[in-house]
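Modelling step: build the complete structure from the supplied sequences, incorporating the hints.
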Amino acid sequence: MEATYLELVVRDLRERFGVTEEVFRDEVSLYVKPEQIVEVCQVLRDEYNFDFLADLTAVDYWPQQEPRFHVVYQLYSYLHNVSLRLRVPVDGEEPEIPTVEGVYPNANWYEREVWDMFGIRFEGHSDLRRILMPFDWVGHPLRKDYPLGYEEPQFTFNFHDIERKKPRPRE
Amino acid sequence: MTLQQMEITADELRHLFTERAIEGETMILNMGPQHPSTHGVLRLMLELDGEVIVNCVPDIGFLHTGVEKNMEAKNYIKAEVMVDRLDYLNTMGNNLVYSMAVEKLVGIQDDIPERAQVIRTILVELQRIASHLVWLGTHALDLAAMSVFLYCFREREMILEIFELVSGQRMMTTYIRPGGLWRDVPEDFYDAVKRFIDYFPRRIQQYEDLLTENPLFKQRTVGIGVLKKEDAIRWGATGPVLRGSGIKYDIRKARPYLIYDALDFDIPVREEGDVYARYLVRMEEMRQSVKIVRQALEWLKKTEGQPVRTQNRKFVPPPKSELAHSMEAVIHHFKYWTEGFKAPKGAVYVAVESPRGELGVYLEGNGGPKPQRVHFRTPSFANLQLLPLLAKGHMVADLVAIIGSIDIVLGDVDR
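These protein sequence lines map, in sequence, to chains X and D.
Using the working numbering, the first residue of the first sequence is number 41, and each one after it goes up by one.
Using the working numbering, the first residue of the second sequence is number 77, and each one after it goes up by one.
Wrong hints could be hidden among the right ones.
[What the hints assert, rightly or not] Below 16 Å or equal to it, Euclidean Cα-Cα: the simulated EDC-like pairs (lysine to aspartate or glutamate) are: (1) 390/D to 380/D; (2) 421/D to 62/X; (3) 324/D to 91/X; (4) 377/D to 263/D; (5) 390/D to 415/D; (6) 378/D to 260/D; (7) 418/D to 148/D; (8) 145/D to 185/X; (9) 184/X to 307/D; (10) 305/D to 347/D; (11) 154/D to 415/D; (12) 305/D to 136/X; (13) 421/D to 66/X; (14) 396/D to 380/D; (15) 446/D to 415/D; (16) 73/X to 163/X; (17) 377/D to 148/D; (18) 378/D to 263/D; (19) 324/D to 342/D; (20) 324/D to 289/D; (21) 421/D to 67/X.
In short, the hints are calculated from the structure, not lab data.
Pasting the structure below:
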């Protein structure tokens, strides 16, 4: 029953949006284009009862640039008891993707977190501020090219080199 | 203070408040981060009209420790100790969900022995009780019922002693590990748990006698912070917050893990959606947890002498006794503790029902011994988002009751 319902959803989405499917350990992921994500979520919520956005996060594949990030949406349907994952590949250093806040209001904080941690902008978001890091922080910590936080020892021979690279608050 | 006087971020924050705040008609009040009733380092910016909350803007991140980033730099085994520190009232649950995610990622989720599953169930249910006891104690303390706090911590101590018995640690246990458990439970585990579950139901009755029909408590909680059914779904609430609003959803029933599908227990649901309803749901949950532990404990007896770890030596260390005479074991031991094990490319999402709601892990492997990405879908973070919705139109004093009823742990919110 579960499989057939999910297959039905996937088949329909494939015809309407041209999404591609990937199955790993019985979990279904759909690859969606960034410009279609709002529409896909709308269809899933209104027509297929995926009424719960369980999780929204991102993955960085640096140094790969195209796509550099995947934005990952984890949806769940109370009625049918099935989960579905959407993956949206986005390219480049300063990617943008439309917000799904209009469909799932709780995406608000998740998207703020993704902006904070990965620097992915969500167009049309009502309140895109940093959420976990201080408001004047520079950089996006969960990017793979962001150093882990330990400090290089500063000696006289490399003093200025390291001084320049230190993260510090905006003026 | 008017908004204009908050020089630093006034421009960035202007859209969060009403026009009246900018004109200075309403007052902006800063609550926290060092405020006893915010249960940690939660800061709230409140816009007040007299004592009525017009707007409530949570500011989180004071306890952000970069756990997810750190875990990316460690192998799957070593990353686990960080998981404990997320939701420090639910360490067993955190260990469990992380272990389940790793097991699923590497594909050994069906190899976990029955005895390990039973012990895991007992421990996470005891943890649920312990967590609810902290919630009840602090929630009642916020509402000026001091004695309940002391009683709750007395009973919680018994559970922490059981954890110390099995793992050597009271809070940061790291006992449930990928592949099974750290080791088998000691002999007196059965008696200690038995003593607790025989003693505890009377205690729940005692708390209920103190609070449930207490007119002062009811006045502070009934009809406060009402969360409507539709809002609960739209805003992605989970756990007792969701069940207090009349939706019967519990992952232990919807997608059973461990041995929950073979156990007999109920999911308490209340229709009202207010602070009092969430209180009643959690009280009943404690009783159900006792019921689960009692059944699992009998099951535990039947599995005496069985292994508590998978036999697959790629994912668990070999027993010490083998190291002296088996080259194979030495190699496994060395590989396990230095490089760790490799996980395939791919992503899994595993969720369990923590005391606060859906605790999920998104774990992605990249073929190597370290994860590409670990993300925790923490229930406190998701449920705290509801606070502005619940708080609007209530008094400042009610806000304290509402925060308590959402039951947040700031380590869980900020990660």
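Check your understanding: Is residue 421/D close enough to residue 62/X, meaning Cα to Cα at most 16 Å?
Key -> holds (12 Å)
Review point. Holds or violated: are the alpha carbons of residue 377/D and residue 148/D at most 16 Å from each other?
Key: violated (39 Å)
Review point. Within a Cα-Cα threshold of 16 Å, do residue 73/X and residue 163/X meet the stated pairing?
Key: Holds, at about 15 Å.
**Study point:** Pair hint residue 324/D and residue 91/X, alpha-carbon separation not exceeding 16 Å
**Key:** holds (15 Å)
Review point. Taken at face value, is the distance from the CA of residue 415/D to the CA of residue 390/D at most 16 Å?
Key: holds (11 Å)
Review point. Between residue 154/D and residue 415/D, does the CA-CA distance stay at or below 16 Å?
Key: holds (10 Å)
Review point. Does residue 67/X lie within 16 Å of residue 421/D when you go C-alpha to C-alpha?
Key: holds (14 Å)
Practice item. With a cut-off of 16 Å on the C-alpha distance, tell me whether residue 378/D and residue 263/D pass. Key: Roughly 14 Å between the alpha carbons, so the hint for residue 378/D and residue 263/D holds.
Review point. Is the Cα-Cα distance between residue 418/D and residue 148/D 16 Å or less?
Key: holds (13 Å)
Check your understanding: Can the restraint linking residue 184/X and residue 307/D be considered satisfied, given a maximum Cα separation of 16 Å?
Key -> Violated - the C-alpha atoms of residue 307/D and residue 184/X are around 37 Å apart, more than 16 Å.
Exercise for review: Take a quick look at whether residue 377/D and residue 263/D sit within 16 Å of each other, Cα to Cα.
Suggested key: Holds: residue 377/D and residue 263/D sit about 11 Å apart, inside 16 Å.
Review point. Is residue 145/D within 16 Å of residue 185/X, Cα to Cα?
Key: With a Cα-Cα distance of about 12 Å, the restraint between residue 145/D and residue 185/X holds, given a limit of 16 Å.
Checked against the numbered hints given earlier, this structure breaks hints 1, 9, 12, 14, 17, 20; the rest are met.
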